[in-house]
Amino acid sequence: MAITRRKFIVTTSGVAAGAMAAPYFFTKSAKAADEVEVGILFSLTGGLSIIEKSLADATLMAIDEINAAGGVLGGKMIKPIVEDGASDPKTYNEKASKLVIQDRVPTVFGSYTSASRKAVLPVFEKRKNLYIYPTYYEGFECSKNVVYTGAVPNQQLSNYIPWIIKNLNKKKFFIVGSNYIYPREMAKVCKILIEQAGAEWIADEYLELGHSEWAAMVNKIKKSGCDVVLSNVVGDSVVAFYREFGNQGLTHDKLPICATVTSEIEIAAMGAEFAVGSFTSFPYFQAIDTDINKAFVERYRKYVNDSTAVTHHALESSYFEVFLWAQGLNKAGEATPAAIREGMKGQEMDAPNGHVKIEAENLHTYLTPRIAEWLPDGQGKIVDEYPAPIIPLPYVAYGETADSLFCKEGGLDTSKL
Amino acid sequence: MKRLLLNREALAYIIFFAVILSLPLFVDLFWLNRYSKYLVYGMLGIAISLSWGYAGVLNLGQGLFFGIGAYALAMSLKLASPTSLMQGSDTPVPDFMLWNAEPGALTHLCCITKASFLWIPFQAQWFGIMMGVALPVIVALIVANTIFRKRISGVFIAIIMLALVLLVRLIVIDAQPMTNGFNGLTDLGWLTFGGFEFDPYLTETFYLIAFSLIAVLLLTRFLVQTRAGLILQATRDNPDRVRYLGFDVPGYQIFFFVVSAGIAGFAGMLYVVASEFASPTFMDLTFSISMVIWAAVGGRGSLLGACIGAILINTIEAAVSETEMFVEAWRVIIGLIFVLVVLFMPRGLAGAMNGIWDYVASRRRGAADDASPAE
Amino acid sequence: MIDVIFIGLSLSSILLLIAIGLSITYGAMGVINMAHGEMVMVGAYSTVLCGIYLGLGVIFAIPVAFIVTACLGWLMERVVVRRLYGRLLDTLLATWGVAILIQQAVRLELGLSFFGIHIKGLGPGLQNVPIPDYLRGTISVFGADVSAYRTFIIFVTIVVTAVTWFLMYRTPIGTQVRAIMRNPQMAAACGINVSRVNALTFAYGSGLAGIAGVMMSGFKTVFPAMGTPMVVDGFLVVVAGGVGSLMGSIASAGLLGQINGVTASLTNDILARALVFGVVILILILKPQGLFSFKGR
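Chains as they are written, first to last, in our numbering: chain A, 1 to 417; chain B, 1 to 375; chain C, 1 to 297.
Just chain A, with the same shape it has in the complex (with noise of 0.2 Å):
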């Protein structure tokens, strides 16, 4: 009996012991001196997949590109650390901070919506980490320990809400978007900017993220005499919602749907059929028709070998930041988070939308606002375009205008709003 106990207490303590040490077989050996370690958080398993690992797969063909041209610093490879947030912002959470604190990497490309962002975004700051962020988004945020990437609403609504007035002669609108922060700020704007343009909005509805029963909106889409559709869709439910508005019998020719969201990847998995007449409005369009574009997208396609993959916003971003990081690493000559985000401040690029810039106040790129119609292939008619990119104001829709800040190298002026 007495052997017996002592064997179960040694094996059990064994066990234990051995399951609490099992992490140290798993963390990677010590990093090489000439490596720059970057973190990649995307999700690479669940709903939003589908669209992140695009972002991720653009992210380290990026870093590929950069590497195969000598590196950073002068001669340094990059190494990417890829995790998987697993569309679950508590993973998010989880995986940043291992990112941050346990591998100590000075950068971490990632996430596609806000909720993520929002998740890790603590992590950053009070680690005093840098983040770059590729994803349009709703504004209104400030961060200090975050370069943003992606459109805010004065490059997609501020040149749209107009268009779509004078363009289309459309003076009725429906909002519709996913129950979240992103399409009720975006609705926000749009309403600012329907009003100043003088024409009316007459309903703004919400439906739940991922929800793809579009029966009884687009009945009320078609009973309430509207005369275009504003749709914040995000996800999967785009696809359920523009089969939903053709099987119904609506038709874009008469009621269009003018889309902040809907992209190439939409598009394909819903059938162009769906789409076509209808709206979107991006800084990016595979259909872009310069020759930095269409040299992008074929080594996108040899890169993930599939010759029908699509380009589209988030995932142009993803691609086109790494190398601002990059000049912004060489020019701060240390890879330390604060130093590169001082050395990415004002770093500009010819990227295949057009010429880019970090706005050095609020941390935001330069892009050029673009609409397009969407065609039977699947990919947009660009039908208006900027000349130049345009400033990026992330306080809009509370009178920020590029003579008047609101988010400064300061901080937030929180007495303007």
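Rather than coming from a laboratory, the hints here were simulated on the basis of the structure. Please note: incorrect hints may appear among the correct ones.
Short, incomplete list of chain C residues facing chain B, as computed with Cβ under 10 Å [to be verified]:
#, residue
1, Gly57
2, Leu92
3, Thr95
4, Leu108
5, Thr161
6, Val163
7, Trp165
8, Met247
Backbone N, C-alpha and C fix where the C-beta goes; we use that ideal spot for every residue, glycine too.
Once you have looked at the hints, place chains B and C on chain A.
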């Protein structure tokens, strides 16, 4: 034999306590924080085990109580966050209310958005802490009273709880002006006791959670061997018999259901301390079912087993998902383990360990009998 | 008004199509099949693959999806479910585990994506199913324009329900299933091959899920995680309707669908969904055995 069983169990508890209390000696602060979260999951495993293994009530919506507890404390911590305090007013307003506000509304908690006045009492941290346990308990009391007095049993309870957690999740996401909807409550201040701030990456925070877990474990262990606990287990096995014997069956079921909910709410609060945010994803169906999976694998009939099961599964999951090869496939492994455990090890790991012990013990006894001279 | 009622009818028909297979497996075998949603998903993917590799449209995909999911269901019953009869809550968990496996199988393209092989039509992306021209657009019913595809779904649901009712109440095997429902030991004693009938019932229920999947693919997004919300809806319908009662499932699907449709049209979809949850909870509290239950077992 009984004395031996008690010793075996006490031994397991002591080893477990020793391991988790000595953890800071072995792992760095980052992993310590991770383990804090897993210890919280362990607490959830205990809650499920109490409800399911001992009371026979499968609760598919335990995430509801976890979420309520988390949000209660998060509300208090949000009002104490640096950004809120930066506003410079005596009654700071959570930042998300600023952009959800009706134009021209007073920047004060009473009236900035609809129902924002509900936040006013949370300005006191103790209120948030109290609500973190009290609110789940009250909700559980109402729900349990309705369910158990009507003799609803088995799968119907599971479905009602499932529908309830999804319903509340929907409401929380929809009430954006009040709860910040899908984004949840982020950018929180740190829990403060007597001037000491519980930064999630301090050893002290880990010990706070570890001792809480030990306390909960000992409390529930004590509860199940009281008379009430024994009657509860009898109810699990045959409610009619217990009824005929004259006991107030619903009363016991309600009591333990409520205790289980209180533990889950407490766990929610500790999770907020460790991870610095609260989100409606706490009330996702998959999360609630995961808790059941942890308890099943660990052994639903054993409080310690369920606790260890939760900690172990999450540790493996984290380790596996970081090995590049398995990043895409870890869910398959978990799914497979789960199915195998349900099919072949219904009493979970704890049952398996007990089985091994019994087997070894009986072999030893057999050998001793053979060796002793025949009478 | 007609269009609102039609929407309710359409939602009811979708709920019923999903729930009917669940009702059979739960009622007949006392098995909570959490993988039912994944069966719907497999049916949807069968349609996608049919379209890509066989060039078949939605109509012809129905028998293909039925066979595929029925086989999958039969396999699942033999390997997993068989060992769990009598352990109701364990079936819930085990089938949830199987659901995870099925979902990952599709997402990882049956494991081949590890080797860099990609099967078109599988994988984590969104898939697209074109519907035939004659099902597009709207038709006019009592003066209102209603979606042709949804009308088709209602029609398919009616046919499936009628066939199931016929099988259950007018054929020998249906009688056997109902006998097993009432008292499995007695049925076995009467010479019914309980294990074979159980396997066939489970396969049939899964096959129905496959048909539901085909219908879903026409208007919902097809992706690996599409099944989970469906199994939740399905269970709410089945449990609210009453275990083992086909009539009950029909009634509760009708009720919940109409409530959802009308509320969504009057207010918004989120409130409608919350109301549906609330109604289910109410039904279970007021009538704990569901709307129509029979005193069985």
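Tested hints:
{"no.": "1", "hint": "Gly57", "result": "33 Å, violated"}
{"no.": "2", "hint": "Leu92", "result": "7 Å, holds"}
{"no.": "3", "hint": "Thr95", "result": "9 Å, holds"}
{"no.": "4", "hint": "Leu108", "result": "6 Å, holds"}
{"no.": "5", "hint": "Thr161", "result": "23 Å, violated"}
{"no.": "6", "hint": "Val163", "result": "28 Å, violated"}
{"no.": "7", "hint": "Trp165", "result": "25 Å, violated"}
{"no.": "8", "hint": "Met247", "result": "19 Å, violated"}
This entry does not satisfy hints 1, 5, 6, 7 and 8, going by the numbered hints stated previously.
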